[in-house]
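*Asks:* Guided by the hints, dock chain B onto chain A, whose structure is given.
Listed below are the residues making up each chain.
Protein chains: 2
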Amino acid sequence: MTKLDEKEIIRIFAEKLGIADLDDVAQLGRSIVFKADMLVASTDVPNGMEAWQVARKSIVSCVSDLAAKGVKPHAAMISLGMPNNCTRPYVEGLARGFAGAVKEFGVKIVGGDTNEANGLVIDCSMLGFASGKIPTRTGARPGDVVVVSGMFGFPPAGLAILMRNAAAAGAFRKQAAESVLVPKPRQRFGLALAKYFSSSIDSSDGLATSLYELASRSGVKIAIDSVPAADGVEKFAQENGLDAHELVFHGGEEYEIVATVPKSRLRQAMSAARKAGAALHVIGRVQRGAGDVFVGKKLLENRGYVHFRIR
Amino acid sequence: MTKLDEKEIIRIFAEKLGIADLDDVAQLGRSIVFKADMLVASTDVPNGMEAWQVARKSIVSCVSDLAAKGVKPHAAMISLGMPNNCTRPYVEGLARGFAGAVKEFGVKIVGGDTNEANGLVIDCSMLGFASGKIPTRTGARPGDVVVVSGMFGFPPAGLAILMRNAAAAGAFRKQAAESVLVPKPRQRFGLALAKYFSSSIDSSDGLATSLYELASRSGVKIAIDSVPAADGVEKFAQENGLDAHELVFHGGEEYEIVATVPKSRLRQAMSAARKAGAALHVIGRVQRGAGDVFVGKKLLENRGYVHFRIR
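Chains as they are written, first to last, in my numbering: chain A, 1 to 311; chain B, 1 to 311.
Wrong hints could be hidden among the right ones.
Each pair may be met inside one copy or between any two copies, as identical chains are not told apart.
Claimed, not checked - In silico EDC-like pairs for lysine to aspartate or glutamate, Cα to Cα no more than 20 Å straight-line:
| # | residue 1 | residue 2 |
| --- | --- | --- |
| 1 | K263 | E104 |
| 2 | K16 | E50 |
| 3 | K133 | E6 |
| 4 | K298 | E15 |
| 5 | K297 | D225 |
| 6 | K275 | D21 |
| 7 | K133 | E92 |
Just so you know, the hints here were simulated from the structure itself, not pulled from any lab data.
Okay, chain A solo, but in the shape it has when bound (with noise of 0.2 Å):
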C-alpha cells in the first residue's frame, strides 16, 4: 500500500480524465469562469478560527482563484458536511460568514447541500464572467517579469503564534494572526492587472509552489533576485529559532497573487495598479529553461505547505 501524495493524485485524475489543469480555474467558452474549493477543517482551520471566520474562509479561497484570473465572482453553491455534535450557535456563526462573505466580496450564495459527516468539510463552488481568454498556468515566457500582489510569511507566522505560541511583539502578532484567521484576498491586483499577466496563481499553497507551478507548466526557468519577505518576518523567525526563507517560500495560505507579465507591459500594469490603489512587486525574471525555479544562484525547494494538523 503506497502512500499517495497529492500530486500525485491529481495526476491520476488528471490523467485519467484528460485535463492537463485539474486544479486550476476552468473557462467554459469565453465567458463562464467555474471554480471549486474544499475546506477541510482538520486540517485548514487552526486553533482560535471562530465559526464565521471558518465560512469566510471557504469563500475566500475561491474568491481568490478568481481574482488571479480577473474575475469577479458572481455566484456561489456551499456544500457542508458537519459533525452531528454541531452546535446551534456554530452553525449560526457559520451562516453569518457566509452573509458576511456574500457582502464583503459582492458574490451570490445560490445554495447548496447539507450533509452529515466525521468532521467539517466545506465545499464552495463559484461562478463568475470573464470577458475573453481568462490567463492560464502556461503562459509564462522568457523576458517576462514575475509580480506578486504583496508580501510573504505573515499566515506561517500567524500559525506559528496561533498553533505553537510562538513570541511576537503586538504590531506583529495582531497583522499575522489577522492574516490567517481573516485573509483578504487580492481582489483588487487581480481585476485591474489580470489583462497583464502572460500566467497567474493564486499563492495559497505556498510562494515556492505557486512558482513551480507557473514555472513547470509553462516549461520556462524562474529567477527571483528580489525575495518577498513581509515586514518583521525576519525579526520574528530570528526570535522564535524559526526560517525567514521557510516561512516566505513554504508557509502557505496566503491568499497573494503570483504572476508574470510581458516586459513590454510592465510600464502599463504598474500604472494600472497604482490607479487602481494595489501594489505590484516586481521579484523576478522568466528565463529560458525547464520548469525551475531559483532564488539569487541557489535552486529552491519544489516542495509546499504541508498541511497543519489540528490534533
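*Replies:* Then chain B, alone, in the frame of chain A:
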C-alpha cells in the same frame, strides 16, 4: 447543546442567506443552471460499492437534480476529501468512475480540488444550460396531477440486501442491488417532460420527503391514490419482516423524478413520454391545502430517509 437535524440546519442557512430554496437547483438569469451535491462515504456509500461506483454516484446526484429540471449537464467540478490511507487502486478506481460518468452522461469534468480528510468526501458541482425558466418546487397548483418517472422501493430493498443480508431471489436481488450500486438518473424523462412540470424534484431523499417538499413549498395538499411500489417489493418486505410502505415512501436513494403537471397538459406529457421512451406514472392529485400529503385517507408521515451508517 441541542442536536440539530438537517432541516433545522438548512432553515438556519436559508434564513441568514435569504434563500428560500437553498437545496434546490439554482437558475442564474435565464440560462445557467447550477447545483452542488456532496457525497459523504460514511453515510452515502454502502458495503460492496466499488470505487468507480462511488465516483459515479457523486456525479449521478447532480445529473439527477438537473434532469428533474429538464437540464442536460454541461460541466462539473469535483472536490475530493480523501483519507490519507487511500490506496492507488482506490484512487484509480475513483478516476475511472469519473471518466465513465463523463461518457455516460455527456458532462465534462473541467476541474477539481483534492484534500486530505478524515473520510472520503466528494462534492460535485454542476452546470447546465436552460432555454427558459426551469420548474421549481413551488409551482404545484390545485388540479395538477402528481407524476413519477418510475416505481419506488428497489434502493431501500437493495440496501437491506447489501447491508443487512436480507433474503431475496435472484432477479429481484440483482435489480435491487444494482439500483443502489449503479443508480440510473432519469434523464430521458426529465429532458422530455420538464416543460410540462408545474413543479419538480428528484427523489433522492425519499418519496415522502419529496412529496412533502413540493406540497409545503407550493402551499398545497397532495393526495396519492396509486402507490408506486416497484414489482416484488411487497413480497420482499413480507419475506424479510419489513414494511413495504416504509420501503416505498421512506426509503430514499431513488433517483426518480417526482413532478406535478397541470391536468390540461397531461395528455401532451404522456404523448411526449411515449415518444421519448420514458415511463410516466400518475400517482396522485394536487388539492387545496397547507402542505400535507395523504396516501388514500391516511396522512403520510413527513419523514425521510435516515442515512444508514456503515459502522
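*Asks:* Would you mind marking each hint as holding or not holding in the structure?
*Replies:* Do the hints match the structure? See the list:
For a Cα distance limit of 20 Å, the shortest separation of K263 from E104 qualifies neither inside one copy, at 34 Å, nor across copies, at 47 Å. With identical chains, the CA atoms of K16 and E50 are at most 20 Å apart between copies only, with a shortest distance of 17 Å across copies and 39 Å within one. With identical chains, the CA atoms of K133 and E6 are never at most 20 Å apart, being 28 Å at best within one copy and 41 Å at best between copies. Proximity of K298 and E15 under a CA criterion of 20 Å is satisfied in neither setting, with 32 Å inside one chain copy and 55 Å between copies.
Taking CA atoms no more than 20 Å apart as the test, K297 paired with D225 passes inside one copy only; the shortest distance there is 9 Å, against 80 Å between copies. Taking the closest pair of Cα atoms, K275 and D21 never come within 20 Å of each other, the shortest separation being 32 Å inside a single copy and 41 Å across copies. For the homomeric pair K133 and E92, neither the shortest alpha-carbon distance inside one copy (39 Å) nor that between copies (32 Å) is at most 20 Å.
The earlier numbered hints that this structure contradicts are 1, 3, 4, 6, 7.
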